[in-house]
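*Asks:* Read off the chains here:
Protein chains: 2
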Amino acid sequence: MYLNQMPRYEILSEEAMDVLDGGWRRIVSELGVEFMLPEALDYFRAAGQKVEENKVFLDPEFVLEQVAKAPREFDLVARNPEKSLHVGGDHMAFSGVYGPPFVREGDVRRDAKMADFENFVRLAQSFDELDSAGGTIVEPEDRPLDSRHLDMVYALQTLSDKPYMGSVISAENARDTVAMGEILFGGALPDSPVSISLINCNSPLRWDDRMLSAMLEYNRTNQAVITTPFLLMGAMSPVSIPATLVQQMAEALSGIALTQLVQPGCPVVFGSFLSNTDMKTGSPSFGTPESAIGLLCTGQIARRFGLPWRSGGGLNASTVVDAQAAYESLMTMLPTFLAGANFVMHAAGWLEGGLVSCYEKFIVDIELLRMLKHEFKPLEVTEESLAFDAHQEVGSGGHFLGAAHTLMHFRDCFYRPLLSSTDNFDRWTKAGGRDAAARAAEIWRKTLDEYEQPPIDEGVRGELRDYVARRRIELGDEPVPTPAF
Amino acid sequence: MYLNQMPRYEILSEEAMDVLDGGWRRIVSELGVEFMLPEALDYFRAAGQKVEENKVFLDPEFVLEQVAKAPREFDLVARNPEKSLHVGGDHMAFSGVYGPPFVREGDVRRDAKMADFENFVRLAQSFDELDSAGGTIVEPEDRPLDSRHLDMVYALQTLSDKPYMGSVISAENARDTVAMGEILFGGALPDSPVSISLINCNSPLRWDDRMLSAMLEYNRTNQAVITTPFLLMGAMSPVSIPATLVQQMAEALSGIALTQLVQPGCPVVFGSFLSNTDMKTGSPSFGTPESAIGLLCTGQIARRFGLPWRSGGGLNASTVVDAQAAYESLMTMLPTFLAGANFVMHAAGWLEGGLVSCYEKFIVDIELLRMLKHEFKPLEVTEESLAFDAHQEVGSGGHFLGAAHTLMHFRDCFYRPLLSSTDNFDRWTKAGGRDAAARAAEIWRKTLDEYEQPPIDEGVRGELRDYVARRRIELGDEPVPTPAF
Chain C
0 MYLNQMPRYE ILSEEAMDVL DGGWRRIVSE LGVEFMLPEA LDYFRAAGQK
50 VEENKVFLDP EFVLEQVAKA PREFDLVARN PEKSLHVGGD HMAFSGVYGP
100 PFVREGDVRR DAKMADFENF VRLAQSFDEL DSAGGTIVEP EDRPLDSRHL
150 DMVYALQTLS DKPYMGSVIS AENARDTVAM GEILFGGALP DSPVSISLIN
200 CNSPLRWDDR MLSAMLEYNR TNQAVITTPF LLMGAMSPVS IPATLVQQMA
250 EALSGIALTQ LVQPGCPVVF GSFLSNTDMK TGSPSFGTPE SAIGLLCTGQ
300 IARRFGLPWR SGGGLNASTV VDAQAAYESL MTMLPTFLAG ANFVMHAAGW
350 LEGGLVSCYE KFIVDIELLR MLKHEFKPLE VTEESLAFDA HQEVGSGGHF
400 LGAAHTLMHF RDCFYRPLLS STDNFDRWTK AGGRDAAARA AEIWRKTLDE
450 YEQPPIDEGV RGELRDYVAR RRIELGDEPV PTPAF
Chain A
0 MYLNQMPRYE ILSEEAMDVL DGGWRRIVSE LGVEFMLPEA LDYFRAAGQK
50 VEENKVFLDP EFVLEQVAKA PREFDLVARN PEKSLHVGGD HMAFSGVYGP
100 PFVREGDVRR DAKMADFENF VRLAQSFDEL DSAGGTIVEP EDRPLDSRHL
150 DMVYALQTLS DKPYMGSVIS AENARDTVAM GEILFGGALP DSPVSISLIN
200 CNSPLRWDDR MLSAMLEYNR TNQAVITTPF LLMGAMSPVS IPATLVQQMA
250 EALSGIALTQ LVQPGCPVVF GSFLSNTDMK TGSPSFGTPE SAIGLLCTGQ
300 IARRFGLPWR SGGGLNASTV VDAQAAYESL MTMLPTFLAG ANFVMHAAGW
350 LEGGLVSCYE KFIVDIELLR MLKHEFKPLE VTEESLAFDA HQEVGSGGHF
400 LGAAHTLMHF RDCFYRPLLS STDNFDRWTK AGGRDAAARA AEIWRKTLDE
450 YEQPPIDEGV RGELRDYVAR RRIELGDEPV PTPAF
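From first to last, the protein sequence lines stand for chains C and A. Number 113 in numbering that gives the first Met the number 0 belongs to position 114 of the first sequence; there are no gaps in the numbering. Number 339 in numbering that gives the first Met the number 0 belongs to position 340 of the second sequence; there are no gaps in the numbering.
Next comes chain C alone, as it looks inside the complex (with noise of 0.2 Å):
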């Protein structure tokens, strides 16, 4: 997996530090934070903190000792041995875009059905550049509110082999998750987590109880959590970055002290998706100014509390795949990378501010996180890398396409793009004169049509099939016919 192995770029003092340190110490034992869940209060009480109703008022110091516990980094087991992940330092893990209820296919835009859901994990088997297989890729509405979470995590396990996310709706579907797990792996399951999940607090300051009794049960199990805070500044921060850093770290941290209390030790990503509000419409940004800042703070405070981290991912305000919705994915894209973050998710397929899972934004996603891999792995300077010899060969005033040098070292000198065109105007136009959502459209096709299903035990996959099938009539919805994979 990819190694980020280039200098961070870090931009708060030592005394920006130090007041955002004062910050959230203040939040959280003057303010407080809700936990709606009464068996998480229990938790803090039993811990000694001060919890009137719902809210924990919590010793900041205690809140660091909990987070202490937390491992700085840990593997996330594949069912494919050579696609298991290491969450953590240098390492930086890619998942596509994670619950969007619409889908758009080129000029069409349409609710999300099942056979999408299952589009989009093949397409995130397909390319390296992504890491996991992902998690609620779309909402598929074909399939009933009870039990789709049992297709889904079915088309993760068996259409993919990386690592997935799993459901977060309920503890009875965390539990479907961490069971399906156990068949996925042999009947037990390894010592580190085979799922990551999401579990976003409802900012600001408040965890509701449907997620955090998910948490509860991935903690029980030593199943990865994602703690995050749900940051749309002016919505639910305040309209300040310093203000919004500060509330992020005492909702992050306020769950990681409970993820410790419920099971020491077990592994958890400090979570961020921080954007701002477009104050003139009142709609959600991204893609700002305001957001990659967000980003290059989070990433040097996640490292001072010795935690892994996870980020937004190619976040954009766009409609269709047009400039905006590239600059607006770069602008988060490259900041992601200049902050080393850990895990990130929307890395592929966001579009409409995370309303629409899309085919051709899949694609350009998957063009800029190949770019900025290549980009970011440090220059090597040697004398060789010099090639004094190619200057000797060329001298003044020739060129360089025919030396020995460049015979030598073309074919993996550079970069070589998936969608990116290079082609003059007469070729381009010869061509059929397409943009690069037009080409986008051809390679996710062309994708779909040569993939090809990774080998799965077929005990595990009946087994998976009966849990789904048997589960399915439990929840009280109808059966579906049997998928074909």
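Don't read these hints as lab results, they were simulated from the structure. Hints should not be assumed to be uniformly reliable.
Any copy, or any two copies together, can satisfy a pair, since identical chains are not distinguished.
[Said to hold, decoys possible] With a cut-off of at most 25 Å between alpha-carbon atoms, the simulated SDA-like pairs for lysine to any residue come out as follows: (1) Lys279 to Met407; (2) Lys279 to Arg444; (3) Lys372 to Met5; (4) Lys429 to Gly105; (5) Lys429 to Gly281; (6) Lys112 to His85; (7) Lys49 to Gly397.
Using the hints, position chain A against chain C.
*Replies:* Chain A only, in chain C's frame:
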């Protein structure tokens, strides 16, 4: 003007810098650099350097002695003193695209005309994001080659009150540029330069006679020049970034040494234009990972020599204003800010590898510059910025849209886009379903409609017109109608 007070992102170790330092020294001393102008050779010969035919073998220490005479920073004077620039240090100045023979306006791609040139000067004048009126923004094919520089300089001087770039086709054109500068400034040039001109190296390792002769004119009149190696790796330099960096140092420093022999202390900028060939198609690529790395390294290198430096801009190889155009442009512009370039050419309008100056792309680039200038501003972290009162007011689970702190700051708390839309799907569809390029078209047209020419002394305008008319006839070209401006 814009000051970039964020940290520089530097990726070369001291060891790497040492290897590169050895590299350029070896090139200039062992391989030598060609100067195709006898006068230039005379300067080097008189200074004790070994000259064989057109080739100068340079003592690296001698080169460094000359380079040390160049100013670290200098002013670039505009006829409107409020628009004078400072080149060097933390200052970043931005200038539009330079050189394209073609224009794109929506779906139409055509030869560039003088009317386009004038329009782009008006646009450059209209947006604060650009600091210079520009140079050869397009090559106006409806004016004769011999005298079009007169029309271009006149347009730059009168349609804008920002500093401009001079003609570099020949010594005679440079003299015209200087003479028109004298007229513009009331008969005599101020102590600091009023123009800055692009002197390209015919890479590898050759400076051609025409550009050199223009450069010498500018050096003698204390007008600023940018000595720029023109490096597409694989064609004009080896297929290796380190090899290209040392070639860039050898070329730029040898050119700068000459400027300081001609006129010690004259203003000069370390130029960089560095990208790579697509080794599959043989076409130039832009916005590549390699070009981004080149930018980061070049900034570090130029600072080592104490020189202000120039970079590319919003470079891309795309034919239309699509996702590729946007992500490639940002893939060069964001590193340009990370590297702190002092003079950024091609900062707005560049399309199709520099063959096309595009109206819509101009607006996309203005948006990128606005965003990046907003992004690369040190974050102020103070107790007040933590907005604890807002957290107290809103508490858990509320929202900040109506908080007192929000109402106090909502107007200027976040970046406000020029082009980007946060409209939701319904609103976007009702507004015509226009992508970023279509919206950009509306913006540039409106900007031209609202353009107001900056005032100019009528006597000066008359003198400039007389000069242009007289010189056009001396150059053997037919009169053209007197411009309306």
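*Asks:* For every hint, state whether the structure bears it out.
*Replies:* Evaluated hints:
| no. | hint | result |
| --- | --- | --- |
| 1 | Lys279 to Met407 | between (56 Å within a copy, 14 Å between copies) |
| 2 | Lys279 to Arg444 | between (39 Å within a copy, 23 Å between copies) |
| 3 | Lys372 to Met5 | both (10 Å within a copy, 24 Å between copies) |
| 4 | Lys429 to Gly105 | both (21 Å within a copy, 19 Å between copies) |
| 5 | Lys429 to Gly281 | between (44 Å within a copy, 18 Å between copies) |
| 6 | Lys112 to His85 | neither (32 Å within a copy, 57 Å between copies) |
| 7 | Lys49 to Gly397 | between (77 Å within a copy, 22 Å between copies) |
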